[in-house]
Amino acid sequence: MSNKMTLRAGALLAAAALLVTGCSGSKSTSSSSAAAGKATGEIKIWGHQGEQGEVTALQTAVSTFNSSQSDIKATLQLIPSADYTKTVSATKAADLPDVLEYDGPLMASFVYDGKLATVTGNVAQATVDNQSEATKAQNTYSDSKLYGVSMYDSGLGIYGNKKLLDAAGITYPKGIDDAWTADQFQAALAKLAPLDADKKVLDIKENYGGEWPTYGYLPIVNSTGNLVMKDGKALGSLDSAPVVKAVQQFASWRTYVDPNSDDKAFVDGRVALSWVGHWNYNTYAKAIGSDLVVMPLPDFGAGTKSGQGSWAWGIGGGSKNQLAAGAFLDYLMNDTNVKAMSDSNAAPPGTKTVLSTSPLYKKGGPLQLFADQGTKTCGSNVPTKACVDTPRPITPGYPVISQQFSQAFLNIYKGGDAQAELTKAAKAIDQNFTDNSGYKS
Amino acid sequence: MDTKSPARVTSPPTKRKATPRRDTVPALLMITPAMLGLLLGVVLPFLAAGWLSLNNIRLNSPRPAVWFGLEQYARVLTDPEFYRGLGNNFLFAVIVVPLQTALALALAMMLNQPLRGMKVFRTFFFMPVVFPMALVSVIWKLMYSRDDLGLLNALLHWISFGAIAPIDWLGSSSTAMLSIIIMSIWQGVGFQMIILLAGLQGIPTSLYEAARIDKASWWQQVLNVTIPGLRNTLIFVVMVTTIFSFRLFDQIYILTQGGPNSATTTVMYQAVTSAFTENNVGRGSAITVVFFVIVLAITIVQRRVLREEREV
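Protein chains in written order, with this note's numbering: chain A, 19 to 459; chain B, 181 to 492.
FYI, nobody ran anything at the bench for these hints, they're computed from the structure.
A couple of the hints might just be wrong.
As the list claims (entries may be wrong) - Here chain B is said to cover these stretches of chain A; the calculated rule only asks that three of the stretch's residues, wherever they fall, bring their Cβ under 8 Å from a Cβ of chain B:
id	stretch
1	103-114
2	277-283
3	422-434
Fair warning: this is a prediction, and the values are worked out from it, not measured in the lab.
Note that the Cβ used here is the ideal one computed from N, Cα and C, for glycine as well.
Work out the full structure: start from the sequences and follow the hints.
Dropping the structure here:
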């Protein structure tokens, strides 16, 4: 009977072993075996199968690219989004297509494993120049090279229900400059609570799982003027006094938070404030119409900060036809394609030209805040008051950072000791980096 | 079993003893598929896990493995979190095994009554076993929700006329494990019940009739006929439940992710998150190897203590 145990564990690990040994055959490391080639011939493209509108926009882009010129023939293969990253991870660099999509925070891992080649020199300078500051920051690895271009980005903020805020006599911020401080935000919660039947007035998407805690709550750390790691060490940065204080304060708001198990807390009017990304805009706008207001996250000392980053496009590390791949990316990033994509998924456009004309994100548009946050990106530098959007840590060790931070954060949120939890997470992150020589070689 | 017995009767034992060698080749041939399955499915993966645990390996990395020796074991065995997980596994097993077995026995005895419509009841009690654990967990997550929208809290609120305030079932260290235990018993009890039910039906009615003639009370019948008659079945049920409870993972992964404050972390949960979330295959393997040794030891001890009565 104990065999059953072993069978399960063993089968999992055998699968892992197969993957590991299967991949170790290729010698490619950070120096990718890609070749420039000429801007002619056939190229293969891998994309994730997103929402129907996104798929249509992508398919249209590929077919119009093929009919617009005769030198390059592009073929698109869509992979279900749940399996997409796993598929790329399990494929040897040499077997990857010429053009591939990747989820923002995984760029560094793919570069480290030789699965992405730089786009610099392969795409036109005009394409690079037209990328928004935030997407450029997301797609730049620590060697300062650009490894991808983005059709769209993401934005994080707080949606407010104007009717409920007005009823409580609360003045709320209009943009980045007058963002609430953490204390002001707390005062607003305290003012809203007595008017609410169950005293729960804030939604932080407790019902989300996966990577959400890292995306949604890491800006709290950044807003104290700290990154997860400083000079290659998490100890002393992730568990520094300002971070401990900020996370503790956030945890103290739990009494005001609706667990939102039905994901309808905001649309049903149960809460006045919802801490979530741009993707909820359409649903929220439909539910409460002109009562919807969008605000930046509270400022924990070093200015308001926001998460960012989304799917982006890069060139396969083993591609023999990089210039042709670059030519396709140039085409994919033109205004027509980016606009079509942004219209379908309502995400912040990844290029400056479309961003400035998008009805949602242009000056005066309802989501101008997210565009403003994106123009002031901190990149991988230590966040200051002058910048807002902070990409998730750009390192091959991101999976460990994400797992350790999420676990520590949720433990603190449920009443754990902030200092102890953050120090434990920082130590685990540091040990992993030491084991892998800092993911440098 | 029935198909076997006539064969045994027709072939006299003396004949089999006379030519023992003739059976060897077919016997070996017949066990080959099973042995091959064991080798490929159990032995090799276990050896692979042993080898992986001695290396530093990132999942999906093209880099060669780096020899780590016993470092992963040293880390696992000095990690308080690992012992916390092990402790939770034991806590879960110590509560669930006796409780679930007793409950399953009670249910089986109730559902063994020769009444009309009993099949409907049996189906109802067995139904949770048919649902996948992932599905059950998602539903129970809604029931355990900490606001008054949570079904359990709403029910308590209603029957107590508002006296019981909403309880944070999964979010508080004191109730999280309890919530997991209750849900797991609800989901798992039907399986043991069906096995025990089959065992009950194997007890000859003549024994009960004899007991009644001896004027044995209902309770005496349970103690002296039912329990001894179910001995082997009960031992099997206890052992399987023990193994199942050490395997505890799905509910934890979906409902609490090991939290709050490690109150529900388990060894299996740690192994999976190490290997597949943090991509640290070496550590994940080391945890499973250590865990295998522990579970093996427990099973051996259990087998020694609860020796089955066998005729063969």
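Item to check | Stated coverage of the stretch 422-434 of chain A by chain B [criterion: 3+ residues, CB within 8 Å] | outcome: The restraint on the stretch 422-434 of chain A holds, since 7 of its residues have a Cβ under 8 Å from chain B and three suffice.
Next on the checklist: Can you confirm whether chain B covers the stretch 277-283 of chain A, using C-beta to C-beta distances below 8 Å and requiring at least three such residues?
Outcome noted: This one holds; 3 residues, not fewer than the three required, reach chain B with a Cβ under 8 Å.
Next on the checklist: Taking beta carbons only, do three or more residues of the stretch 103-114 of chain A come closer than 8 Å to chain B?
Outcome noted: Three-residue rule met by the stretch 103-114 of chain A, so holds; n is 4.
Of the numbered hints listed earlier, not one is contradicted by the structure.
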